[in-house]
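Protein chains in written order, with the numbering used here: chain P, 233 to 681; chain Y, 233 to 681.
Heads up, some of the hints might be wrong.
Chain copies aren't distinguished; within one or between two, either way the pair holds.
[To be verified] Listed below are the simulated PhoX-like cross-link pairs for lysine-lysine, each with C-alpha atoms no more than 25 Å apart in a straight line:
| # | residue 1 | residue 2 |
| --- | --- | --- |
| 1 | Lys437 | Lys458 |
| 2 | Lys427 | Lys286 |
| 3 | Lys286 | Lys252 |
| 4 | Lys454 | Lys589 |
| 5 | Lys589 | Lys492 |
| 6 | Lys492 | Lys454 |
| 7 | Lys292 | Lys439 |
| 8 | Lys427 | Lys397 |
| 9 | Lys315 | Lys358 |
| 10 | Lys515 | Lys589 |
| 11 | Lys439 | Lys410 |
| 12 | Lys292 | Lys458 |
| 13 | Lys492 | Lys615 |
Read the hints as simulated data drawn from the structure, not as lab findings.
2 protein chains.
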Amino acid sequence: MAFEISDLFLENLTNLILNKDDKAIATLFEEVHFADIAEVLDEVSFEEAIYIIKLLDSEKTSEILTELEDDIREKILENLSAKEIAEEVEEMDSDDAADIIGELSEERQERVINALEDDELAADIKELLSYEDNTAGALMAKELVKVYETWTVAGCMRRIRGQAKEVTRVHSIYVVDKEEKLVGRLSLKDLIIAKSDQKIADISKSKVDAVNVNEDDEEVAKIMAKYDLEAIPVVDENNVLLGRITIDDIVDVLKEEADKDYQMAAGLTQDVDSDDSILQLTKARLPWLFLGLLGGIGAFLIMEGFHGVFAKYAALFFFTPLIAAMAGNVGVQSSAIIVQGLANDDVKGSVNSRLIKEMFLALLNGVILALFLFVFVWIIKGKVDLALAVSVSLVAVIVIAGLIGTFVPLFLNKRGIDPAIATGPFITTSNDIFGILIYFMIAKMILGI
Amino acid sequence: MAFEISDLFLENLTNLILNKDDKAIATLFEEVHFADIAEVLDEVSFEEAIYIIKLLDSEKTSEILTELEDDIREKILENLSAKEIAEEVEEMDSDDAADIIGELSEERQERVINALEDDELAADIKELLSYEDNTAGALMAKELVKVYETWTVAGCMRRIRGQAKEVTRVHSIYVVDKEEKLVGRLSLKDLIIAKSDQKIADISKSKVDAVNVNEDDEEVAKIMAKYDLEAIPVVDENNVLLGRITIDDIVDVLKEEADKDYQMAAGLTQDVDSDDSILQLTKARLPWLFLGLLGGIGAFLIMEGFHGVFAKYAALFFFTPLIAAMAGNVGVQSSAIIVQGLANDDVKGSVNSRLIKEMFLALLNGVILALFLFVFVWIIKGKVDLALAVSVSLVAVIVIAGLIGTFVPLFLNKRGIDPAIATGPFITTSNDIFGILIYFMIAKMILGI
Chain P
233 MAFEISDLFL
243 ENLTNLILNK
253 DDKAIATLFE
263 EVHFADIAEV
273 LDEVSFEEAI
283 YIIKLLDSEK
293 TSEILTELED
303 DIREKILENL
313 SAKEIAEEVE
323 EMDSDDAADI
333 IGELSEERQE
343 RVINALEDDE
353 LAADIKELLS
363 YEDNTAGALM
373 AKELVKVYET
383 WTVAGCMRRI
393 RGQAKEVTRV
403 HSIYVVDKEE
413 KLVGRLSLKD
423 LIIAKSDQKI
433 ADISKSKVDA
443 VNVNEDDEEV
453 AKIMAKYDLE
463 AIPVVDENNV
473 LLGRITIDDI
483 VDVLKEEADK
493 DYQMAAGLTQ
503 DVDSDDSILQ
513 LTKARLPWLF
523 LGLLGGIGAF
533 LIMEGFHGVF
543 AKYAALFFFT
553 PLIAAMAGNV
563 GVQSSAIIVQ
573 GLANDDVKGS
583 VNSRLIKEMF
593 LALLNGVILA
603 LFLFVFVWII
613 KGKVDLALAV
623 SVSLVAVIVI
633 AGLIGTFVPL
643 FLNKRGIDPA
653 IATGPFITTS
663 NDIFGILIYF
673 MIAKMILGI
Chain Y
233 MAFEISDLFL
243 ENLTNLILNK
253 DDKAIATLFE
263 EVHFADIAEV
273 LDEVSFEEAI
283 YIIKLLDSEK
293 TSEILTELED
303 DIREKILENL
313 SAKEIAEEVE
323 EMDSDDAADI
333 IGELSEERQE
343 RVINALEDDE
353 LAADIKELLS
363 YEDNTAGALM
373 AKELVKVYET
383 WTVAGCMRRI
393 RGQAKEVTRV
403 HSIYVVDKEE
413 KLVGRLSLKD
423 LIIAKSDQKI
433 ADISKSKVDA
443 VNVNEDDEEV
453 AKIMAKYDLE
463 AIPVVDENNV
473 LLGRITIDDI
483 VDVLKEEADK
493 DYQMAAGLTQ
503 DVDSDDSILQ
513 LTKARLPWLF
523 LGLLGGIGAF
533 LIMEGFHGVF
543 AKYAALFFFT
553 PLIAAMAGNV
563 GVQSSAIIVQ
573 GLANDDVKGS
583 VNSRLIKEMF
593 LALLNGVILA
603 LFLFVFVWII
613 KGKVDLALAV
623 SVSLVAVIVI
633 AGLIGTFVPL
643 FLNKRGIDPA
653 IATGPFITTS
663 NDIFGILIYF
673 MIAKMILGI
């Protein structure tokens, strides 16, 4: 079932396009899933991609458009007229349609919506665009199957045939009262098993999970993952049914969220992948590298400040990379555990209790490592006071790095800022500086310099 | 719809258990989703958890058991007899049942399976346990709705009522031939819309995605996410239908995978969260910290080796944290981009072309940063040769760190090892050492020492 994009395939395709062999191209793609065609379009030249999009029929191309990488889709849409975009959009589900249109400039958005022949879809799209990004409203689609609680099973089967044709996947059928308020749900399975003369209200389940239209999309993802839901209805404050979110959208949210956290930990300011241009990659990477450089300069200035001790205790300076590295590692570990815990809702209890626990943990780890280091320095250099200075500093640095790594994400989280910022280069750089400063201060105390 | 575990709730629960007020406890949990009850059990003491499990009926507790954290479930299962476990397992779907039983010792597994009254379930579980971990076979369940291609729609509706009662969620109905080979699929929706006298073979879709029972579970997750599938049938080499995997299991696989990658990048050897004991957290964190310590000692030895130059060029040593930090940051960025690209299947093309691209990228970033550093050192120290030594080293170190960060994950991936190992402390520590070594070697050349 794996569709492989081989070099041979791409070569063949390029030739067919050069010869304008439309029939052969259409046949080539006939049995191919739109997600695979989207991948092909990512590989071919831009002109070839446009050629293929204009050739295939809207039912297929609309789905391909939703699967394309953002930057490629942007370029393709720039090359289509408002009418052409409207034709594609009319084949889509409302949530995908709103996403596509939402990527255009406000002026183009208006023209495309005006070019739509389906007024109901136009109204739906306008509504979906009105919701804030990253909320349930921005994620949901208007297509769903809904029945009124007063209907019978037989009447239901008759009427939903029409609704079901519009809905790509029917999960739960939502039951509403005459004010369109969500009062229950039932599955197609329940419907098939039931007797024809039963009332919907009798066979439906009144307990129905729903999310508010303004709920954060990551919260929705958590809820759907926790309760193993495949679709969830979206309601307003009065419980009026507005739309529904399906699990495939949540899978995308989960993947994007994981990618984003990972990138922050690695110090990348944008969503880049290795196929992007050198300029794009530089824009994403350089800012954090610059921060690291400034941190390194800070470390240099601190060490210069202690220049005087060098004659007697040169070895002190040779241990600075060790101290800085340990500070960085401990900080990254602590912050990663907290950030992951916050993402999985595992972090309960007070900030203080967590800091105290981290302090003991860091103390334990620090003492174990410091003992090892003490023995090493003593054997290698023979100077007990030097060994003591380095080891005691290691413990202090590890404890403080651990506390910073635990505290900063929690603090950011309480302020409503994404705690994942506190992982990666930000923590390592600041811990490097703190670490070196603390190191020399302690060394100064112990060695009496 | 959010069920909040407040301190008041827990206090109330503890009191009810102390008073052995079974009726009140049962009522308390009556309307609560099993995923929420599992969270409550994570919060209460172990004895209280056992009490609640033994009190609630098997239909509910079996689902709770599947949602518990691994370590708590392990302790609870140790306190149940083989018969009691068998009673829980009989209420579960075969994939959850196999997972639970699979966590027991081999001896206990046998006793629990023998204690099962349902022979078909026992046979299913034995089959599922025979598949390797992290494959489609280990992930799948045996419950599904299947029809034969020769049936009519009317006959179908009659027969699947029985099957449908067993299946928690019916997505696609799978169509098989008389040799049980998968030949097509149809949805409940198709069934409802069709006329009663049509043959299944006429209304079913013959194109049906399936995975081989030995396929890697992360591959399955990729396929289901890419094609927006909610369930996928699992077949053997002869295309005989063996079971199916549902999207909720894939959502779990995705979350676990993201957690695991993140932890590797932060240098944690096990799956820990901030609520674990100090001992568990130490076991997870200390190994990588020890690696970092060894790396720091390596850096120390290198710097000691160049001790002689200190008199004249002390400032060289003051820049080592900067060089080491930049090497680490660049390495982490490069490896993160590659690892993420591999996970999302975005990495195509040859390793060489990727390395060349990384070299140019690192050169560009390195030169920009080095220019800045050169000016800084020149102004601060007034020595052009020192500024040159540090800046040129920075460029060299950044290029080499970038190449290592790009090459190592790709190399590991080609050897079938998880490339995510090459992120985090492993890369930062080795880059620190390489960085410092290269720095001093270049400084030696430029300064003629």
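Hints that the structure is at odds with (numbers, increasing): Hints 2, 4 and 13 not satisfied by this model.
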